[in-house]
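Sequence order for the protein chains is A and B.
In terms of full-length UniProt numbering, the first sequence has 289 at position 289, counting the first letter as 1, and numbering is strictly consecutive.
In terms of full-length UniProt numbering, the second sequence has 106 at position 106, counting the first letter as 1, and numbering is strictly consecutive.
Hints are all accurate, no fakes.
Chain A residues, not near chain B, derived (Cβ > 12 Å throughout):
#1 L17
#2 T63
#3 N78
#4 P249
Partner residues are not named here, just some residues of chain B that face chain A (Cβ under 8 Å, in silico):
#5 V15
#6 V19
#7 L26
#8 Q139
#9 A261
#10 I265
#11 A281
#12 F284
Hints are computed from structural coordinates only; laboratory data are not their basis.
C-beta: ideal position from N, C-alpha, C; glycine also.
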Amino acid sequence: MTDTQISTTGVEAEMTLLTPRQIFRKRLLSHTGFLIGAGLIATIALIALFAPLLAPHDPYAQTLSARMLPPIWAEGSNPDYLLGTDQNGRDYLSRLIYGTRVSITIGIGAACIGMLIGVTLGVLAGYFGGIVDHAISFLLTAQLALPGLLLAMALVFIIGPSIWVVIGIVGILHWTYYLVVTRSATQRIRSLDFVAAAVASGATPRQVIWHEILPNLFSQIIVIFTFELGIAILAESSLSFLGVGIQPPTPSWGLMIAEGKQAMFYRPWLVVLPGICLFLLVIGANLMGDGLRDITSPEGRNE
Amino acid sequence: MLKYIALRGLLAVLVAFTVSLAAFLLLNVATDPAYAIAGEDATPDVVETIRARYGLNRPLPVRYFDWLGGVLTGDFGESYYWHKPVAELVADRADETLKLAFSAMFVTILIAIPLGALAALNPNSWIDRMALGVAVSAQAVPNFWLGLIMIILFGVMFPILPVSGDDTWRHFVLPAFVLGASSVPAVMRLTRTGLIEVMGADYIRTARAKGFRGWPLLRRHALRNALLPVISVLAVQLGQKFGGSVITESIFAINGLGRLALESILGADIPTVQMLIFVFAIVFVAMNLLADILNAAIDPRIRIG
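Assemble the whole structure, with the sequences as input and the hints as a guide.
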């Protein structure tokens, strides 16, 4: 359903002389969407890594004399606070910088949990087929029917909001995409000769799955992981915005938007800036995913 | 055809039961609802009293079948928070959400199908690239943020549309746009791929040879076939709109089911949350069933194979 139509450049012909690895690198470097996405993700990851060095202030420090300062381009700003301050007098730039850590931690954590569940079920359904496949497909149908956001909100609220609860719940509600893709890929790989050869030479199902199937699923799993990263980050921001995710005073972008909402008519930057950060991070992940998909399966782009 | 529908219907009923069980277990086993009602600082005595009052001291299977029995007779229990029958609460608020969901789908169709068609007719042109750009961006914009930006724009800068409430149809314009925008990427891409595929088909070449060009060709020959898969995806997307109403309704102060969901979660009102999860899931299952039947009615290969 989410196919992309970025056409690969017509360099296929000259690539016949190169090794697969060289072809892969060449395709990566000639894919504009991938380069933009990877650039965004790399920049944001570096900001997250070096947040303490980059942030001009402590993101939690409240300066009551410097509340609600506007950003540097507006009248009445203070050059100490480049992007202004929030209602508690905390430096907005520093909070945005530390917000990268929250989003990336939750995105990676949740996408990993979803991957564990989805890939396990997908490989089992695709490899064993029959009743196992039917049971897992039924589970998929039921999961798709559940209203994810509502369930996540209810569970986070009842269990008690913390970063680990949010990661766990967003993760266990986002595995269907992994399942759908790995199931059909496993079915395809299973019918290939080298799997038949492994089975004929006495390999157990466990050995076939670990040594023949999983290594061949790697590129597809990475593609979905990249997309799920963006989906999980959006899910966390929605939960935090609604008050059933990350709790104050942690700088989560979704929560910052909720906190800025009260004053948004007079100080729109409180809402606009964290939203732009979220947009850049998520579009970075999506562009990277689109690019990786085009590059790893140029013949099967529209699957 | 009837056999196919019966099988799909049976599957839908099974899924509905599974979903009801899952919702019940997640809300009642993953945590203790008595603590959620009493609050974190409650003494064990208070928690025990609450358990007895709401029948939470009975074994789980008894509570599940009690609830399920009620559901089958239309009784979803009493709200802990509003002290009213849950079914009544939901019935009171359903029409606002229905209005929102359908107007959101209307917006999706209005934006996604013309854009997808224009992109398909001019592959790799600037319009195609722009359509792809819209799709990629719309997927990355947080829905609640888009809603707030609309409120800032239309509440302060261009005060031509109301930004809060649900009194007139004009109140639904912005919420429908925000909720509808989230379905635009999927529907647009499907329209585009479908139309490109159809435009390459032999019968279109024949029509072209007979002198059909432009809009008549599109309307009489291409769109009909290209839009068939889109219709079933629209049904599925409509099913998702109900669950998606939570954010839109709370931002635009629409007194529908989504807002009820947020209020009942924050009020630890488990019976209401449970019913809403169930109702949203049923709507989704029903819409999927509708999509399956539509597909089978359109394409005989599905119901035979």
